[in-house]
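A.B. asks: Residues per chain, in single letters:
Number of protein chains: 2
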Amino acid sequence: MNSELSSQQIKDIGEQGLLERLQRFCPPELIGDDAAVFKTAPGQSLVVTTDVLVDGVHFSNLTTSPEDAGWRAAAANLSDLAAMGASPLGITVGLGLPGEVRVSWVERLYQGMTECLQQYNTSIVGGDVVRSPVTTLAITAFGQVNPSQIIRRSAAVVGDAIVVTGVHGASRSGLELLLHPELGQNLKDAERTALIRAHQRPQPRLDVLPVICQVLASPCPMPIAGMDSSDGLADAIIQICRASSVGAVLECRQISMPAAFGHWLTKEQALEYALYGGEDFELVLCLPQKSALALVQYLGQGAAIVGNIIPGSIVLLHDEQKKFPDQVLNLSQGFQHFDD
Amino acid sequence: MNSELSSQQIKDIGEQGLLERLQRFCPPELIGDDAAVFKTAPGQSLVVTTDVLVDGVHFSNLTTSPEDAGWRAAAANLSDLAAMGASPLGITVGLGLPGEVRVSWVERLYQGMTECLQQYNTSIVGGDVVRSPVTTLAITAFGQVNPSQIIRRSAAVVGDAIVVTGVHGASRSGLELLLHPELGQNLKDAERTALIRAHQRPQPRLDVLPVICQVLASPCPMPIAGMDSSDGLADAIIQICRASSVGAVLECRQISMPAAFGHWLTKEQALEYALYGGEDFELVLCLPQKSALALVQYLGQGAAIVGNIIPGSIVLLHDEQKKFPDQVLNLSQGFQHFDD
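As they're listed, the protein sequences go chains A and B. Residue numbers for the first sequence follow our numbering, beginning at 2 and rising by one. Residue numbers for the second sequence follow our numbering, beginning at 2 and rising by one.
Don't read these hints as lab results, they were simulated from the structure. Incorrect hints may appear among the rest.
As the list claims (entries may be wrong) - Computed far set for chain A versus chain B, every beta-carbon distance over 12 angstroms:
{"hint": "1", "residue": "Leu47"}
{"hint": "2", "residue": "Thr137"}
{"hint": "3", "residue": "Pro289"}
Said to hold, decoys possible - Each computed SDA-like pair below joins lysine to any residue, with the alpha-carbon atoms no more than 25 angstroms apart:
{"hint": "4", "chain 1": "B", "residue 1": "Lys40", "chain 2": "A", "residue 2": "Glu116"}
{"hint": "5", "chain 1": "B", "residue 1": "Lys40", "chain 2": "A", "residue 2": "Ile151"}
{"hint": "6", "chain 1": "B", "residue 1": "Lys12", "chain 2": "A", "residue 2": "Val58"}
{"hint": "7", "chain 1": "B", "residue 1": "Lys40", "chain 2": "A", "residue 2": "Gln145"}
No residue lacks a Cβ here, since even glycine has one placed at the ideal position from N, Cα and C.
Just chain A, same shape as in the assembly (with noise of 0.2 angstroms):
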């Protein structure tokens, strides 16, 4: 082994780079989607995601509830299953906590995520506890799918509408006042507590699967193209397009945000947080116009077209009012937890 290569460390090549290296280990077939696919029987697909959280990196008791960050640890996992349209059959939990954490803690913990997965008829089937320097949370989520009804970002076709299930912007924005309870002061109580449930309570789009399928008629036509928000509104359409080999155009006004925005924060702050925010958990779906349509219409709530599929590579945000110049959108501003 090159002696250079053999003394690279992780720091240099970044989370991204890693899991780039890391996929020689695995079936090709199996890369690239939130989460991985195989079929187990006639009818029938298995899918399954991961994700590690430690603590100081991923969640903390500064500004977060025990409650909360198991909410939050169920339902980006949830999220992650509804991204694929499975539907979800359990999750595991493995721990590894310091001897100092209060059992307490841990029991808060598991009442979140209890909480968020109870309103999807699901629970925590298996764990594991162990001793470590540090708290981590490691959840498994496994679900199951018909493979005809399974959402890939590589399905985008060139014609398509881009839709959102609802509005972007709000978990960012709710993190942000928990940080600086100072900040908007016009902002009424009512919306100020919205912004940060948000934040401390997304939900995970499960119950979009169903309609979906009503929208498309069932079994569906075709492949669905999506991914779930988790990482932001950029970040999803610009992994959709590069997964289908096409470019998009979204147009800002169309992109739904808080209607509280409007009474604390400039347009390009709004804007900021609505594409690069992050953890709003909506699905991103390519999809038929008329279907497109009939699925914003059928779910109201933010749900709306923000834009459309192009031939190319390139993801345009274009301002109808022409309040900002035309620009390209790319990876590298998205909320890439291992390279901040």
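Following the hints, complete the assembly by docking chain B onto the known chain A.
C.D. replies: Showing chain B alone in chain A's frame:
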């Protein structure tokens, strides 16, 4: 909440105590075996198990190469599937890594995992990589089993013979030889190598599953009782007895051990390693005498009937040669990571 209770820390109640407290968050029908099982389709159940391994607690660069750490982690999870009678579908790998870890270390870890998995035609199907102050490895394995072939701890009945699928104590003795190379001067090179190999590259006994079905006739006429011996032979028998509300008597001289132990260890030391060493990853099964005999004959190579299931709740170690007085085995002597 009572203030004394709310200030209780993990170290006050230990791993086992915490797991018991957390069971109320899980559906009761999923608790008590090596992995969770649930029905996903007619004639098919999904089995899921998860493990968290922490640098310095469960593995160490001092005694274990990254390849071996990877192999052992994969083997432990495959063994949990074997313990339930399930064939593997795949594993997910969640990694927490300090930025200073070498990329080559991670690649070698994955190499070891993959080598183990390939033996059983399975693979890494997904994962997550995050920044963490301590190297942490969270593996979730999932597999499938025909519901009539599930192995459960709770199915042992009085009169069953207790079968081990291979020798015990090898892995523990291999670790001793790695830590103290000056030990075992009378061992032949091949013996030393084999014992160290048993520690570094343990084999989960997935190969035994088709044999069980063959020996018992298909479809299996009754629930199969058993688990793996990952936490030691004594632990496995005690766990089975507890879950099945029965007792057991073990016969010292019937417990199969590596032949090399005769050139090195005292009888007491050998027995201690075999009963409490752990990580041999054999299966411990409770079967009617005739089936037990047929299975042992089929397997050969260290497979043995080591005792019988009796009424009561006590696990008794008996020495036919009367070298030791009878002793009652209990879990507190077992290999419990958290309590040490």
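A.B. asks: Each hint needs a verdict: does it hold in this structure or not?
C.D. replies: The hints, checked one at a time:
1. Leu47: violated, 7 angstroms
2. Thr137: violated, 5 angstroms
3. Pro289: About 30 angstroms separates Pro289 (chain A) from the closest Cβ of chain B, which puts it past 12 angstroms; holds.
4. B:Lys40 - A:Glu116: holds, 23 angstroms
5. B:Lys40 - A:Ile151: holds, 21 angstroms
6. B:Lys12 - A:Val58: holds, 24 angstroms
7. B:Lys40 - A:Gln145: The hint holds at about 12 angstroms.
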